[in-house]
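Q: Chain by chain, the residues:
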Amino acid sequence: MARAVSTRRMLVLTAIGWTIGLVLFFPIVWTILTSFKTEGEAIASPPSFLFFNWTLENYAEVQSRSNYLKHVMNSVVISLGSTALALAIAIPAAWAMAFSPTRHTKDVLMWMLSTKMLPPVGVLIPIYLMFRDTGLLDTRLGLVIVMTLINLPIVVWMLYTYFKEIPADILEAARMDGASLRNEILFVLAPMAVPGIASTVLLNIILAWNEAFWTLNLTAANAAPLTAFIASYSSPEGLFWAKLSAASTLAIAPILIMGWFSQKQLVRGLTFGAVK
Amino acid sequence: MKMERLVLGACSAIALSLAGAAGAETLTIATVNNGDMIRMQKLADDFTSKNPDITLDWVVMEENVLRQKVTTDIATKGGQYDVMTIGTYEVPIWAKQNWLVPLDNLGTDYAVNDILPAIRKGLSVDGKLYAAPFYGESSMTMYRKDLFQKAGITMPDAPSWSFVADAARKITDKSKELYGICLRGKAGWGENMAFLTAMGNSFGARWFDESWKAQFDQPEWKKTLSFYVDLMKDAGPPGASSNGFNENLALFQSGKCAMWIDATVAASFVTDPKESKVADQVGFALAPDTGLGKRSNWLWSWALAIPASTNKQASAEKFIAWATGKNYIDLVASKEGWANVPPGTRTSLYENPKYVEAAPFANMTLQSIRQADPENPTVKPVPYVGVQFVAIPEFQGIGTAVGQQFAAALAGQASVDQALKNAQQITERTMAKSGYPKK
Amino acid sequence: MATLHTRSVARAMMAPSVLLLLAWMAVPLAMTLYFSFVRYNLLMPGSLEWIGFLNYSFFLTDPAFGTALVNTLRLVGGVLLITVVGGTFLAILLDQPFFGQGIVRILTIAPFFVMPTVSALVWKNMLMHPVYGLFAWLARTFGLQPLDWLASVPLFSVTLIVAWQWLPFATLILLTALQSLDEEQKEAAQMDGARAPSLFFYIVLPHLARAITVVVLIETIFLLSVFAEILVTTNGGPGYDSTNLTYLVYAQALLQFDVGGASAGGIVAVILANIVAIFLVRLIGKNLET
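Protein chains in written order, with the working numbering: chain A, -1 to 274; chain B, 84 to 522; chain C, 14 to 303.
Read the hints as simulated data drawn from the structure, not as lab findings.
Among the hints, a few may not be true.
Calculated from the model, a selection of chain A residues having no Cβ within reach of chain B, i.e. all distances over 12 Å [to be verified]:
(1) Leu31
(2) Arg101
(3) Tyr126
(4) Arg130
(5) Met190
Cβ-Cβ distance ranges computed for the label pairs, FRET-style [claimed, not checked]:
(6) B/Lys179 x A/Ser46: 33 to 41 Å
(7) C/Leu218 x A/Val21: 54 to 62 Å
(8) C/Leu285 x A/Val21: 46 to 54 Å
(9) C/Gly79 x B/Gly338: 43 to 51 Å
(10) A/Asn65 x B/Asn459: 31 to 39 Å
(11) A/Leu184 x C/Leu32: 45 to 53 Å
(12) B/Ala194 x A/Phe47: 53 to 61 Å
(13) B/Lys179 x C/Phe155: 42 to 50 Å
(14) A/Ser46 x B/Asp500: 40 to 48 Å
(15) A/Ser46 x B/Lys233: 49 to 57 Å
Residues on chain A that point at chain C, a partial pick, calculated with CB under 10 Å [said to hold, decoys possible]:
(16) Met8
(17) Ile14
(18) Trp28
(19) Tyr66
(20) Ile87
(21) Thr103
(22) Trp109
(23) Ala171
(24) Ala172
(25) Gly176
(26) Glu209
(27) Thr225
(28) Gln261
A virtual CB, placed ideally from N, CA and C, is assigned to each residue, including glycine.
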């Protein structure tokens, strides 16, 4: 019976949904469109939406000025590397917290989250000095370590909430069957935890990819990721809207594409864990 | 499993990146993303083909980000950079700390004496050059000849502030998005405070008296700021409090401003028909004054320096000699035309008939630079060095905070009196914390 | 009997992350704490002179401090309000079937993937600019005076930009929570003649409580240290109108290079953040219990 009204309702919902979706997405479309304009057209008023002379000159300029691929590689290595490292450290911790909680588990979790509240600028100089002395300045390894530590609290916390959803009886049963701890994790826990881990991984990659304080301040030429690449296009001199748009499009394209493809996974993982 | 491969991949990538490159010496050059520096980066093949044993790694960034990075690095002796692009503000402070290598080995054909005296003085400490100027600038008045003609006004070569204000109000036609004057309003020590400090000089204002007491409670500052706020309210563009150099450049290039008082380097952009709609209509005059003997023009230079923490000093010197030498100017001229060479560094450039012909603004630029005196910037004596800044480490912070107050006054969110009162308080507090007045 | 064994194993498994975070917290924190009691300006090297609480008193009596504190809370509160309310609405919308639902969902979450610096630059230059911005053009098209966003309503503009970035996050979390709402429960309520508003307030909202908690908690952590957006758009101004605590610390650390002052500011910010955290945990911690 409820289906009877649906056609009209569907149309209204479709109109509302698309309007909101397009409005929210608009700044991104606008950036992409601007990246194909000349600098003059980029600031023209009234603005042209589709009917302008499409040009690739901004991309050519960006290509000739900076080594885009190097920055992408750095971003990829730093975000994947730190995610992998964070997982390796966080999975055991979250597992322990979820399955052998003590009175202090909640406090430890909260404390971990509170470490994220230290404003990075306040500790830049101490970290810079430590990095200088250990030779980690401007290395990918250094940034992998920093990104790991920065995101570790979130990773532990997310994994913890996922793991808690796994019924303890199953583990009990496995243990009865004489499964070792290793097997317990590998064959019982892992398959059930995969969706949760996957969405944690995705979220962490996004956060690491977009982090712009440490990646900018601890690198020079070698390890600079895409955030540093962007910093060279917001110019205090001359017209730069179109070039900036081209650089921005290049900087967000990889993560946007990854995000779109994995969007279903992200939703499924989140459903399974954190919010149930 | 997938995850395993991921970890392995990440690890091997890290290992690869750690291995690094060996062999040729690599110079890491930190520079600002202004047009002239980007051109230098593009022309750098000329240098590497002459010096095959040196490779160049560029870190090109927006000015403020770059300044943060190089300052942190040099102060902690991080040693990440071999050549740094710094300005006349940093040079005296850094040189005193022995953070910079004096540049006495730039080669015999470098012709140090050819560097414009005002610029050279700004980059030297105790007579030693610590940074080689890549380009130099002062500020001047740029105006639209067509609009002035239409309004029946003639711009003198050396206008006064009252003339400028009258002309601006007369030409303004807000219904047509035409504004009489565009001035910097965006907060920042290198943005609105560069302009307002220089403007204050022409009104007889100063940052500190001889015993380092802040002077924002003095009538000269009140006159300066009221004049500026009133003028911008009547004849300035909307949103002036977020306009810096670049925003005003775009406004002027798109024909929305009749006058613009800003850096002399802008002259080549506003007269470039590829970028500017008003290229053939731009005239130049000195920055305005009020008859007190000082004009509101500043002095700045972006210069290349070698941090003491590098161990590649010889190569860095070679690079600096290349980038700031006479041959580089010829190289740019041959590839991009004379109008595009980095201006404001060498006397010989202004004696070159080809340049003077290609750059209608050459004479005004030279006059403006010559008139700036960093040691006696304003009417009354001051204890500091610097025309549009005060060369002490505290200035970046104070300048930006005071700039915020003045931007608020411009935006109409605070009165001129309130802004000056806050500025005085901010300056006194910070100076007191640093232990001023000293001796 | 196994518990003793499991417990020590558990402890061993937690050890790496706890120890690493401890080190990550403790070492810089100890250095920061020390720096906060000495006169240490990067640009004026020399011996680090012990000056007691001078750095703290200067930071706490800074005329900008009170404003920054209020701005921090307003920014966090404003973004939370927009993202939670907007996110709930969007989640309910996206939970209904309509044409192209999948594509709309993708469009909606896309802002989350954009780097903060990039989105701030885009909003500032291409949307909110009073002359070239699209909003100004729209205003003029309708015969209105364009609003100078970043000068007239700076904090609101920053709030809007940050909310745009975080709305997708809230939507995603709330949407997934909504999808786990029992269809039968809803239908039963509808059978009982429950109308849409009461359905929403008595069934949907209570179900979303925990998800909203998650959103509030995670977003608060990130929003307390919003910085790039402010630096790029308003530089904390005009005046102190959009200065938050993080920005104030930044001004000490990277404009004045006053490491001592910045360290004191950092410590103050940590203490305040922890007060907020404790408050949050008290307030909503119960929601996290299963």
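Q: Going through the numbered hints above, which ones does this structure break? Give me the numbers in ascending order.
A: 3, 4, 6, 7, 8, 10, 11, 13, 15, 19, 23, 24, 25
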